[in-house]
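Between the sequences and the hints, there should be enough to build the whole structure, so can you do that?
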Amino acid sequence: MKKVSSLFKAAAFAGAAVMMLAGCGSSNNAGGKTETLDENAKTEITFAGWSLDTTPEFKTLADGFMKDHPNITVNIKQYSADDYDTQLTSDISGKSQPDVFPIKNLQKYYAYAAESGGLADLSDIASEYEGDKNIDVSQYKLEDGKYYAMPYRQDSWVLFYNKDMFEKAGVDAPDGTWTWDDYTKAAEELKEKLPAAGYDASSVYPMYQHGWQSVVQGFALAQTDGAYDDYFKGDYSYLKPYYERALKWQKEGLTIDWNTVNSTKVQYQAQFGTQKAAMLPMGTWYAATLVSQQKSGDADTFNWGMAPIPQNPDEKTDETVTFADPTGLAVSSNISGQKLAAAKEFVKWCSGEKGSEALAKIATTPAYFSDSVADTYFGTDGMANDDLSKKAWTEHKTNPENPVGAGTNTIQDVLNTVVHSGIMSGTSSVDDAIAKGTQDIKDQGVLQQ
Amino acid sequence: MTQATSAASSVRVAPPDHSKANKAIGRRNLRNGLIFIAPNFIGFFVLILIPVVQLFYIGFSKWSAFGDPKFNGLTNWVRLTHDSNFKAAFVNTIVYSVVHISLTLAIAFALAVLLNTKLKGRAFFRTVAFFPYITSIVAAAQVWNMLFDVKSGVINQIIKFFTGGWAPGWMGSTKWAMVAVIIVATWREVGYYMILILAGLQTIPGELYEAASIDGANKWQQFWKITVPCMRPTLFFVLVTLTIGSFKILDLTLVMTNGGPGTSTLVLAQYIYMVAFNRQDFGYSGTVSLVLFALCMVVTLVQFWYNNKKEK
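These protein sequences, in sequence, are chains A and B. Going by the UniProt record's numbering, the first sequence wraps up at 449, each residue one higher than the last. Going by the UniProt record's numbering, the second sequence wraps up at 312, each residue one higher than the last.
FYI, nobody ran anything at the bench for these hints, they're computed from the structure. A virtual CB, placed ideally from N, CA and C, is assigned to each residue, including glycine. One or more hints might be untrue.
Once the Cα atoms are required to be at most 20 angstroms apart in a straight line, the calculated EDC-like pairs of lysine to aspartate or glutamate come out as [stated by the list, open to error]:
#, chain 1, residue 1, chain 2, residue 2
1, A, K168, A, E188
2, A, K108, B, D149
3, B, K151, A, D200
4, B, K175, A, D257
5, B, K70, A, D381
6, A, K316, A, D300
7, A, K265, B, D149
If the Cβ cut is set under 10 angstroms, some of the chain A residues that face chain B in the computed set are [stated by the list, open to error]:
#, residue
8, D53
9, T89
10, I92
11, S96
12, G117
13, K240
14, T260
15, T394
16, N409
17, V414
18, V418
19, G422
20, G445
In structure tokens, the structure reads:
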């Protein structure tokens, strides 16, 4: 159903082919000593999560799994949502990491998987998903062909839009074929017509572009041909057209300007949820928040939908290309025997159809996109369930937010502090910022020779 | 002869007995002294000294926080020389420190002198001046962010009233963000240093001023010839703590601007954090830490040297 593939898959295809030809795949080499799970033995494993009160996914997964495996107990260990990576880093270096723990994004994954030695090899689980159209695990494959995490959530960026605002203003709503130029045109039209429809011109904007680096760079990287190769070669010119558009939107007052977003700490949930913006490019995780905020009254009640994210006007594709990092689960390398077997079983359950069903029920976008999972997701109360929303959620090619490699952490950081912040704050021109960022990255010695 | 010697020796024996007792007392005092400082020193040793010594190795290594640091000689230091972010952070830290130290010192001194006079309600004003120091910096920074808001902030409303429309861009502008940070930092710390200076002022004997005024010295002369010299020990302490505190500035820029826009308010301490935890490059972050360490050290030593010279 979902067209799961990624540039990485293509890049690593040769390696994968060799492994498949070799027989049973990597599982035999890597997980040769795989322990078999004894379902009757009482086993306890620990599982890391954050903000348990507001993020129900951890408990949902643990409870669902324990129901299927009554002799295994999953104890959730709470971490801080903001400092998760810092805490996890110190836990792993002190060899006290929980048995199973989430990998929040791909940027940090490489350091954990390749350098820390704290993650167990999960290649045997990956090999079971080989050829399964419903799930894409390729983003976790390292250069050595091994996998150290499995996805349990695969969000992707879509365009949220307020149907009521479009209707009242008399502007054509997204139809699934938009490029970023169409997005600009619609926004300009909205800006002109929204005041007449009764919206306050000084506080209501046609769109809301959040302040994150990924809001510009994620799309530029995912939607430009060859950008993933350029990334490690130090050529960041693919960012230019995306930044020029972002600056234009800001200049024309189609969105709140970046400096205000940052200094007043604007929340995208409030901006879209209280109808201050008609369009919002955001990850599918926001759907669950919006549903619950509309129920609780934190958000206004209005009709909304998800549309496929606008495409690069300079490139022709017949499929929707968007980006997002999977959220994965990793297993500690400190455990063995029955505990390891139970932890692996848990990860497999979470990334598989059962775990995905459980997540879809709480409106969380899972990693396994079978028809029944999609039906469950769109059947949840308060969810947008028009055809375009379903299409946006299920049919797209999702590229990672950034390539995974030894220099990723540094490159992302420079692209954020020097390029993104420099351009969006108006400190430097697009060309200057990209040139300076490129030089900085070169000076840090992280580019591929 | 022998008797005499023995008598003499017995006389001579007596003092060692005393010194033995003295030694015992000395030993006991030493032991008690050590016990008293032990809690502090053990904490200092384990939590500060050992990590600082380790830092000297980490700063010359490559380390991602996992496994052991690998020594890589001067590689990190060469990187430092053409790292434009480091340069920006270094310059920002110096600019911040120089402006912030002089501003804080001047205002704190002026306030202290003012509140040392027989002013009506001075206890109230002393409390008011000290208040910012005990306020949570995160909460205070949020409120200041609102005050500095370019469009709807109170500060710009007032400025616009006088300038007829022009107002600084504050947090959103690379030129003004540092100014805003310095204003808030000064506002926060002036009260604390005012109290320290006030305590110093009150140790100056009133007779000195009396004598000076009889000799015909005016207030201004009294200030420079009596107040300032008498205050040198206090001012020295204030200057050293203020300098070290300024070089280590982190919390304010983190909450107010997060180093931005661009790198306009990026300071060394934040760059150290960024390199370590965002880039997972603890070795290089150690190198930058060493630079900050050296900077604090050198400036403080210069201050000590100057103070000693003046004292002689």
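Each hint tested on the structure:
| no. | hint | in the structure |
| --- | --- | --- |
| 1 | A:K168 x A:E188 | 15 angstroms, holds |
| 2 | A:K108 x B:D149 | 34 angstroms, violated |
| 3 | B:K151 x A:D200 | 17 angstroms, holds |
| 4 | B:K175 x A:D257 | 18 angstroms, holds |
| 5 | B:K70 x A:D381 | 55 angstroms, violated |
| 6 | A:K316 x A:D300 | 37 angstroms, violated |
| 7 | A:K265 x B:D149 | 11 angstroms, holds |
| 8 | D53 | 21 angstroms, violated |
| 9 | T89 | 5 angstroms, holds |
| 10 | I92 | 6 angstroms, holds |
| 11 | S96 | 13 angstroms, violated |
| 12 | G117 | 6 angstroms, holds |
| 13 | K240 | 18 angstroms, violated |
| 14 | T260 | 7 angstroms, holds |
| 15 | T394 | 34 angstroms, violated |
| 16 | N409 | 5 angstroms, holds |
| 17 | V414 | 8 angstroms, holds |
| 18 | V418 | 7 angstroms, holds |
| 19 | G422 | 4 angstroms, holds |
| 20 | G445 | 7 angstroms, holds |
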